[in-house]
Amino acid sequence: METAIKTTKLQRTHKRKPRVVVTYAMLVFFAIVALMPLYYLIITSMKDLTEASTQATMFPHSFALFENIQFVLSHPDYNVIRMFLNTMFIFVMKTLGTVITCSMAGYAFAMYKFPGKKIIFFILLSTMMIPGEILGIPIYEFMVNAGLKEIAYIPLWIGSWFATDVFMIFLFRQFFQTVPKPLIEAARMDGYGELQIFFKIVLPLNVPVVVTVILLYFVGTYNDLYGPALYISDKSNWVMANSISIFENLFQSGSSSYLVPWNYVSVASLIAIIPVILLFSLMQKKFLQSVAGVGIKG
Amino acid sequence: MTAKLYKPTFKQNFHRNYKYFLLFGTIAIIGFFLFYLYPIIRTFILSLTDKTIFDPSANYVGLENYMYALKSDPLFARSINQSLIFAIFSGVFVLITSLMLAMLLNSKVKFIGVFRTIYFLPFIIPSFAVGAVYKNFFNPSTGLINRLLEFLGVVNPPLWYISPNSALLTMIIISSFGFGVKMLVFLAALQNIPQEYYEVAELEGANKAQQFFKITLPLISPMLFFNIILITIDGLRSFSLAFVMGNGQGWPSNSTLLFPIYMFMTAFNMPFRLGYAAAMAWIFFLIILALTGINFLLSKFYVQKDVTLT
Chain A
1 METAIKTTKL QRTHKRKPRV VVTYAMLVFF AIVALMPLYY LIITSMKDLT
51 EASTQATMFP HSFALFENIQ FVLSHPDYNV IRMFLNTMFI FVMKTLGTVI
101 TCSMAGYAFA MYKFPGKKII FFILLSTMMI PGEILGIPIY EFMVNAGLKE
151 IAYIPLWIGS WFATDVFMIF LFRQFFQTVP KPLIEAARMD GYGELQIFFK
201 IVLPLNVPVV VTVILLYFVG TYNDLYGPAL YISDKSNWVM ANSISIFENL
251 FQSGSSSYLV PWNYVSVASL IAIIPVILLF SLMQKKFLQS VAGVGIKG
Chain B
1 MTAKLYKPTF KQNFHRNYKY FLLFGTIAII GFFLFYLYPI IRTFILSLTD
51 KTIFDPSANY VGLENYMYAL KSDPLFARSI NQSLIFAIFS GVFVLITSLM
101 LAMLLNSKVK FIGVFRTIYF LPFIIPSFAV GAVYKNFFNP STGLINRLLE
151 FLGVVNPPLW YISPNSALLT MIIISSFGFG VKMLVFLAAL QNIPQEYYEV
201 AELEGANKAQ QFFKITLPLI SPMLFFNIIL ITIDGLRSFS LAFVMGNGQG
251 WPSNSTLLFP IYMFMTAFNM PFRLGYAAAM AWIFFLIILA LTGINFLLSK
301 FYVQKDVTLT
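Chain order of the listed sequences is A and B.
Residues 1 to 298 (my numbering) are what the first sequence spells out, left to right.
Residues 1 to 310 (my numbering) are what the second sequence spells out, left to right.
The set of hints was computed from the structure by calculation and includes no laboratory data.
Among these hints, one or two may not hold up.
Below, computed lysine-lysine pairings styled on DSBU-like, alpha-carbon distance capped at 35 angstroms [said to hold, decoys possible]:
hint, chain 1, residue 1, chain 2, residue 2
1, A, LYS118, A, LYS235
2, B, LYS110, A, LYS118
3, A, LYS118, B, LYS108
4, B, LYS71, A, LYS286
5, A, LYS286, B, LYS11
6, A, LYS285, B, LYS208
7, B, LYS214, A, LYS286
8, B, LYS108, A, LYS285
9, B, LYS11, A, LYS113
10, A, LYS113, B, LYS110
11, A, LYS118, B, LYS214
12, A, LYS285, B, LYS11
13, B, LYS300, A, LYS113
14, A, LYS118, B, LYS208
15, B, LYS11, A, LYS117
16, B, LYS208, A, LYS286
17, A, LYS113, A, LYS285
18, B, LYS208, B, LYS71
19, A, LYS200, B, LYS11
20, A, LYS113, B, LYS19
Chain A residues, not near chain B, derived (Cβ > 12 angstroms throughout) [claimed, not checked]:
hint, residue
21, TYR78
22, LEU135
23, ILE273
These numbers were taken from a predicted model, which means no experiment stands behind them.
Cβ coordinates follow ideal geometry from the N, Cα and C atoms, glycine included.
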């Protein structure tokens with residue numbers, strides 16, 4: 001019996017050699033595809049205006065990185081610190097709201113049993129199927145009529161304070177279900193109130209989910225063109241999403257309106273990406289943990 | 001041990017649980033009424049009127065908006081069509097790439113962690129930045145793609161996003177890079193499959209394809225279902241990429257006009273035809289409901305019963 005197992009193991013390692021090579025070849029190939037946009041962004045930001053807007057060289061012939069950075073930073077509309085801080089303000093308000101309210105809702109569904117809970121949870125989950133298009137008009141109407149449209153970006157984050165991100169409720173619930181019940185019972189015995197138990201014991205135990213919210217919301221806030229296009233009109237309120245189009249449309253009024261200064265666009269894009277990459281590299285371990293956790297705990 | 005001394009009756013337990021549920025869950029219920037239920041009802045009421053945003057008086061027009069959208073608005077039909085085409089093709093692409101990459105990343109080789117990070121990069125790069133890169137890649141005269149095609153001997157390379165014939169296709173190709181989160185969901189599911197299953201299968205002489213169809217696919221079928229629903233809705237609701245590629249108005253000549261873009265233009269540009277946009281939104285909502293329903297029905301055939309999602 002033992003020898004039989006041994007031989008099959010041996011056979012397998014023997015057979016696996018070429019397979020490993022194929023795996024690596026594919027891994028590397030797709031890694032190149034995945035890295036291509038970033039690579040191209042970096043080299044384009046080094047090219048001078050003529051090369052960047054007329055040739056698609058894979059290795060730059062010219063080197064104008066510093067001039068490009070200087071040009072981008074000195075453009076009167078490109079107030080990058082302000083745009084970044086505006087974006088961060090929206091991001092912080094959205095994330096705080098979601099972490100507090102969605103985690104509480106998730107906890108409510110994970111911990112307390114009573115008849116009818118399943119139906120309520122199902123109704124709540126089914127809102128994931130509702131397209132934002134059908135919700136946007138009345139909210140826009142309300143914001144305009146109430147005069148809140150352009151005050152402190154309220155329309156962009158107020159929903160987050162009412163646990164409207166149902167996916168996050170689901171995610172929090174998945175994690176809270178695995179918190180050992182005896183732990184909570186023990187805390188109750190020690191005289192902790194329910195809110196105290198939640199904020200002092202349960203939430204700190206589930207940092208990876210919070211990290212996931214932070215990361216997804218960071219990318220999400222950055223990516224959102226819909227909200228800013230709808231609710232931001234004043235230049236001083238621009239967010240990072242607006243920063244690229246300044247340079248894309250740089251020559252739109254001139255005689256060479258078809259020309260896009262890709263070098264400036266790339267520099268602006270890179271500047272916009274830096275914070276995302278920093279945050280991701282800081283948090284990626286916890287993030288991947290928590291995504292893996294959805295499956296394990298699911 | 002002290003727990004045994006005091007055991008609440010069922011009724012007490014019920015009351016306590018209910019109270020605590022409300023303590024934590026009320027905000028979500030209020031949110032449901034304010035941000036889901038009210039807007040849906042209000043949108044329906046608006047859809048029966050000819051309301052524009054600055055016009056306080058709105059006339060009741062019955063189902064006229066719906067009739068107009070379905071019968072005499074070529075742009076509405078076109079945008080819905082294009083959204084469906086986009087959602088289906090980009091959905092299939094994303095599904096295949098994310099599953100394939102997840103399986104690759106699930107292989108037990110060295111440095112796999114590095115690859116996982118790299119594969120996740122396209123997701124964290126904001127789409128407005130990516131949009132600019134791809135516009136550059138696909139630029140017919142200066143872009144990399146056509147240079148490669150010319151190098152390979154293609155005489156008349158496509159005009160990609162410049163031409164109305166290929167703009168939607170270009171967008172579908174680009175969007176297949178949006179596999180990030182779905183890839184991770186698949187990866188998590190794959191990692192849950194006990195390795196022994198494959199070892200037994202291999203001992204019994206099953207080849208890789210058989211292993212995939214008999215073990216992998218059935219065991220990840222709940223995640224497949226989850227991802228298909230997410231991908232369909234994502235595709236139909238796709239806004240940012242189309243906004244960047246089509247300069248916010250479906251350029252060139254409405255070929256990248258997806259439904260969300262058209263609705264945005266109708267509702268929030270002059271003359272702010274909220275009533276009509278609301279009717280379109282309701283039709284769109286019903287389409288999504290129908291597709292989700294179909295997916296639920298079909299899931300009976302491909303989702304394994306004893307593997308559950310929640």
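Outcome of the hint check:
1. A hinted pair counts as satisfied when its Cα atoms are at most 35 angstroms apart, and LYS118 of chain A with LYS235 of chain A does not qualify at roughly 47 angstroms.
2. Restraint check for LYS110 of chain B and LYS118 of chain A: not satisfied, since their Cα atoms lie roughly 44 angstroms apart, outside the 35 angstroms limit.
3. A C-alpha spacing of about 39 angstroms is found between LYS118 of chain A and LYS108 of chain B, which places the hinted pair above 35 angstroms, so the restraint is violated.
4. A threshold of 35 angstroms between alpha carbons decides the hint, and for LYS71 of chain B with LYS286 of chain A the separation of about 52 angstroms lies outside it, so the pair is violated.
5. Taking the CA atoms of LYS286 of chain A and LYS11 of chain B, the gap is about 41 angstroms. The hint is violated against a cut of 35 angstroms.
6. Distance hint between LYS285 of chain A and LYS208 of chain B is fulfilled; the C-alpha atoms sit about 31 angstroms from each other, no more than 35 angstroms.
7. Annotation: proposed proximity of LYS214 of chain B to LYS286 of chain A holds, straight-line Cα distance about 33 angstroms (limit 35 angstroms).
8. For the proposed pair LYS108 of chain B and LYS285 of chain A, the alpha carbon gap of about 18 angstroms is at most 35 angstroms, so the pair holds.
9. For the given pair, LYS11 of chain B sits about 12 angstroms from LYS113 of chain A by alpha-carbon distance, which is consistent with the 35 angstroms threshold.
10. This hinted pair does not check out: LYS113 of chain A and LYS110 of chain B have alpha carbons roughly 45 angstroms apart, beyond 35 angstroms.
11. For the suggested pair LYS118 of chain A and LYS214 of chain B, the alpha carbons sit about 33 angstroms apart, so the restraint of at most 35 angstroms is met.
12. The suggested pairing of LYS285 of chain A with LYS11 of chain B is violated, with an alpha-carbon distance near 45 angstroms, which exceeds 35 angstroms.
13. The suggested pairing of LYS300 of chain B with LYS113 of chain A holds, with an alpha-carbon distance near 29 angstroms, which does not exceed 35 angstroms.
14. A distance of roughly 40 angstroms separates the Cα atoms of LYS118 of chain A and LYS208 of chain B; the hinted pair therefore is violated under the 35 angstroms criterion.
15. Among the hinted pairs, LYS11 of chain B with LYS117 of chain A is consistent with the structure: their alpha-carbon atoms are about 16 angstroms apart, no more than 35 angstroms.
16. Restraint check: the Cα-Cα separation between LYS208 of chain B and LYS286 of chain A comes to about 33 angstroms, which is no more than 35 angstroms; the hinted pair holds.
17. Proposed proximity of LYS113 of chain A and LYS285 of chain A is supported: the alpha carbons are some 33 angstroms apart, at most 35 angstroms.
18. Between LYS208 of chain B and LYS71 of chain B the alpha-carbon distance is near 51 angstroms, which puts this suggested pair outside the 35 angstroms criterion.
19. A threshold of 35 angstroms between alpha carbons decides the hint, and for LYS200 of chain A with LYS11 of chain B the separation of about 29 angstroms falls inside it, so the pair holds.
20. Restraint check for LYS113 of chain A and LYS19 of chain B: satisfied, since their Cα atoms lie roughly 11 angstroms apart, inside the 35 angstroms limit.
21. At the 12 angstroms boundary, the C-beta of TYR78 of chain A stays outside the reach of chain B, the nearest C-beta of that chain being 15 angstroms off.
22. With a least CB separation of 4 angstroms from chain B, LEU135 of chain A falls inside the 12 angstroms interface cut-off, contrary to its annotation.
23. Non-interface call for ILE273 of chain A relative to chain B: violated, since the shortest CB-CB distance, roughly 6 angstroms, does not exceed 12 angstroms.
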